[in-house]
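Use the sequences and the hints to build the structure in full.
In order, the protein sequences belong to chains A and B. In terms of the working numbering, the first sequence has 291 at position 291, counting the first letter as 1, and numbering is strictly consecutive. In terms of the working numbering, the second sequence has 589 at position 48, counting the first letter as 1, and numbering is strictly consecutive.
Since the hints were derived computationally from the structure, they do not count as laboratory data. There is no bait here: all hints are sound.
In silico BS3-like pairs for lysine-lysine, Cα to Cα no more than 27 angstroms straight-line: (1) B/K743 <-> B/K763; (2) A/K506 <-> B/K737; (3) B/K614 <-> A/K515; (4) A/K515 <-> B/K676; (5) B/K665 <-> A/K531; (6) A/K513 <-> B/K614; (7) A/K531 <-> B/K597.
To list a few chain B residues with every Cβ distance to chain A over 12 angstroms, as calculated: (8) K649; (9) S651; (10) A704; (11) A755; (12) L768.
A quick note: this is a predicted structure, and the numbers were derived from the prediction, not measured. Glycine included, each C-beta is placed from N, C-alpha and C at the ideal position.
Each chain, written out:
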Amino acid sequence: MDKKIQEAQDILNGFDLPNEQQNQICALTLLALCNIKPSDSWGKAERKSMTLAIDIMEFIKIHYDIDYKSGTRESFRKEALNPFVSFGLIDKNPDNPTLPNTSPNTHYAMSLPALDTIKTYNTPEWQITLEKFKSKSKSPIDLKPTITVSKITISRYKSILQDTIELGKFNVFIGANGCGKSNILESLATVGAERGNDLTFEGLYSRGVRIARPDLILSSFLEDNVKKTIGIDLSLSVNDRSEKYYCELAPDNENDIYSKWINLAEEEVYSDRLLKIFNLITEQNPNISGADLISKANEIISDKGGLDKKRAYDEILSEYSIFDLSTKSLRGISPAESKKTPLGLNGEGLDLLISGFNKKEREQLNKCLTFFDWLEEIVNDKEDKLKLNGLKPGRSTSTLYFKDKYMRASNNTFSAENSNEGVLHVIFYLALFISTRTPKFFAIDNIETALNPKLCQTLITELVRLTTESRRQVLITTHNPAVLDGLNLLDDEQRLFEVYRDSEGKTKTRRIKFKNDLSNKNYKLSEMWLKGTLGAVPNNF
Amino acid sequence: MQCLTIFKMKIGVICEGHADRAVITNIITGITGLDRSNILALRPTNKSDETDKAFKNPKSISSWSVIKEECEKKELINEFLAIEGQDFVVIHIDTAEAGSYGVNSPNKKSDNYCENIRSLVVGKINDWLVTDLSKSILYAVAVEEIDAWVLTIYEQGDSSKPANPKKQLSRVLAKKDLDSTSNYNNYLILSNPLSKQREITKNNYLSYNCSLKAFHDEVKTKVLPLL
Chain A
1 MDKKIQEAQD ILNGFDLPNE QQNQICALTL LALCNIKPSD SWGKAERKSM TLAIDIMEFI
61 KIHYDIDYKS GTRESFRKEA LNPFVSFGLI DKNPDNPTLP NTSPNTHYAM SLPALDTIKT
121 YNTPEWQITL EKFKSKSKSP IDLKPTITVS KITISRYKSI LQDTIELGKF NVFIGANGCG
181 KSNILESLAT VGAERGNDLT FEGLYSRGVR IARPDLILSS FLEDNVKKTI GIDLSLSVND
241 RSEKYYCELA PDNENDIYSK WINLAEEEVY SDRLLKIFNL ITEQNPNISG ADLISKANEI
301 ISDKGGLDKK RAYDEILSEY SIFDLSTKSL RGISPAESKK TPLGLNGEGL DLLISGFNKK
361 EREQLNKCLT FFDWLEEIVN DKEDKLKLNG LKPGRSTSTL YFKDKYMRAS NNTFSAENSN
421 EGVLHVIFYL ALFISTRTPK FFAIDNIETA LNPKLCQTLI TELVRLTTES RRQVLITTHN
481 PAVLDGLNLL DDEQRLFEVY RDSEGKTKTR RIKFKNDLSN KNYKLSEMWL KGTLGAVPNN
541 F
Chain B
542 MQCLTIFKMK IGVICEGHAD RAVITNIITG ITGLDRSNIL ALRPTNKSDE TDKAFKNPKS
602 ISSWSVIKEE CEKKELINEF LAIEGQDFVV IHIDTAEAGS YGVNSPNKKS DNYCENIRSL
662 VVGKINDWLV TDLSKSILYA VAVEEIDAWV LTIYEQGDSS KPANPKKQLS RVLAKKDLDS
722 TSNYNNYLIL SNPLSKQREI TKNNYLSYNC SLKAFHDEVK TKVLPLL
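Below is the structure:
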């Protein structure tokens with residue numbers, strides 16, 4: 001029984017579905033829709049129209065002995081059925097396409113291309129049919145809405161008393177040490193934790209926030225009568241539709257570093273939402289008893305996944321993290337500090353992510369070969385056999401190896417443990433921007449670590465290209481002037497910001513943009529930064 | 542105003558020394574309301590590395606020759622002015638060594654000495670620049686030395702007269718038991734009253750030095766309309 005569920009999960013993984021679409025509910029839904037019982041082979045998979053409540057959940061109960069309660073229906077829809085439809089794995093209402101969305105007769109069936117592919121699972125044709133299916137279907141990253149945070153106003157967060165930043169798709173922040181660049185990145189990670197319902201020490205830390213006691217996180221400039229809340233205001237474009245988001249975060253204990261944070265902006269509207277639900281029920285059932293009213297309200301709230309107002313951008317904001325690479329983590333020789341998947345904040349999990357790359361992703365990754373003139377091939381030794389050949393001392397858990405084209409074929413393979421660190425950093429960034437499983441919105445702190453200046457320039461140009469191609473939005477900090485030379489500031493989506501502290505110590509941000517006439521531009525941005533004409537350098541020495 | 546909130550104004554300063562920049566910064570922030578962080582040091586900056594410094598004569602760094610060089614090359618000026626919100630560069634020079642850079646000093650005893658020498662030095666700066674950048678340049682020509690501008694705060698009287706304002710300032714400050722060390726932070730404190738319009742009016746600072754008044758007027762007429 002468990003084996004069949006694992007196989008279903010492996011199939012979903014093969015289809016490149018996000019991790020959330022590879023859980024048990026999704027696996028069981030797939031088994032039900034394919035009519036595969038524990039002893040069946042996948043070749044027996046068949047197309048059958050099924051409703052959720054009666055057919056799918058009943059099938060699971062009978063054949064897999066798991067009795068999901070009616071309250072979990074929303075999870076089935078949200079985690080399995082809706083994404084499966086978007087990805088083209090299943091069809092919705094194939095027998096009656098005109099059914100209204102809320103109809104109790106809503107039904108689902110496997111799509112024929114997906115069914116034909118699944119039938120080949122555990123056969124030699126599986127990889128071929130899978131690639132064929134994937135080449136014709138939408139990428140999982142396309143399932144997510146395209147969002148752009150166009151403007152952020154941060155209030156009372158660490159050194160930022162109040163600042164507004166208008167973002168593009170690829171944003172680079174420069175400034176003196178301690179000017180507050182990372183605080184900008186962290187404010188967005190805090191929003192991510194809020195949207196992920198994860199405003200705890202762990203929720204913030206796992207997104208890359210440097211945790212301090214709440215009274216240190218809240219701006220405490222001497223001369224300002226500071227409100228004891230953090231305010232973050234976002235203007236977003238979600239699939240070209242404008243949206244607004246605002247949170248006002250307060251710690252439940254200002255002096256406790258492990259304090260939970262509460263979004264006062266949401267709390268204020270909970271009572272209104274509850275009242276609306278009660279009104280709706282009593283309008284439809286005027287004589288309902290108090291106990292039934294509460295029970296009915298609970299059912300509705302449970303179906304909606306709680307009282308929180310869900311928004312289309314929640315998942316993308318929730319996935320936002322700040323990557324800050326450590327060579328030891330990339331080499332796989334320090335314990336995985338970040339548990340984030342598929343890529344850890346410090347570089348963990350790179351080999352695993354690459355091992356699951358499809359052909360197209362692998363081709364894109366091989367772009368790395370052009371960045372290093374000595375690099376012949378990136379090898380992913382999934383079964384870790386090279387270790388047994390003595391190619392790594394054994395401290396490293398990474399299965400990545402690199403072949404040096406200048407060395408004898410019998411003696412040219414280096415493990416991640418003892419290879420050049422620059423190549424590990426570059427591969428990480430490429431994988432982060434290429435993979436369909438990595439966040440669509442994220443930040444990188446100090447991107448230049450371990451990279452040659454000329455490589456920085458070329459890498460940035462490539463990352464800008466990948467950002468556009470994969471419809472991502474990124475925020476990057478750097479202290480290396482060469483990074484700036486990879487930017488085309490005439491493209492409004494590529495933006496450069498100077499971060500500085502004013503005479504009162506408050507962090508401010510300014511967009512650096514050229515005036516229209518560049519006919520006399522004889523200088524590179526990197527040179528301008530070093531000469532001080534862009535600002536973003538210490539002014540006191 | 543929308544434009545300024547996005548592209549916050551920054552003013553670049555090419556000056557002889559860090560203490561000079563402190564005085565200029567106070568004057569500009571006082572008139573415009575800009576924050577100190579909006580005033581960027583273009584020269585003197587670390588244009589040279591330690592090898593250059595070891596190879597070249599240290600005296601060639603941070604003097605009128607540096608100002609002349611920057612005006613003639615215009616590299617820093619053009620680079621700075623190429624960015625949105627960066628529309629002005631202050632060029633500071635003292636007249637104490639005007640003879641060395643080719644300005645024949647008018648008669649010091651004449652009534653209009655201060656105006657005349659300032660005008661001649663502004664003309665010299667424009668000669669160095671060749672192209673007309675006068676709309677973007679804020680001429681901070683200090684008759685004798687910029688210390689004379691600071692002196693207006695501590696001694697009531699024509700501060701363009703003393704032959705050596707730096708020494709005079711030092712003497713006056715010593716009497717008041719104030720530190721006269723010439724560096725950015727100390728001069729920022731010493732010249733702080735020049736950032737307060739009420740103090741300037743109340744104590745008539747501008748009436749004691751025509752070159753200070755001329756710079757003040759320059760900032761008012763050129764920068765304020767853009768804010």
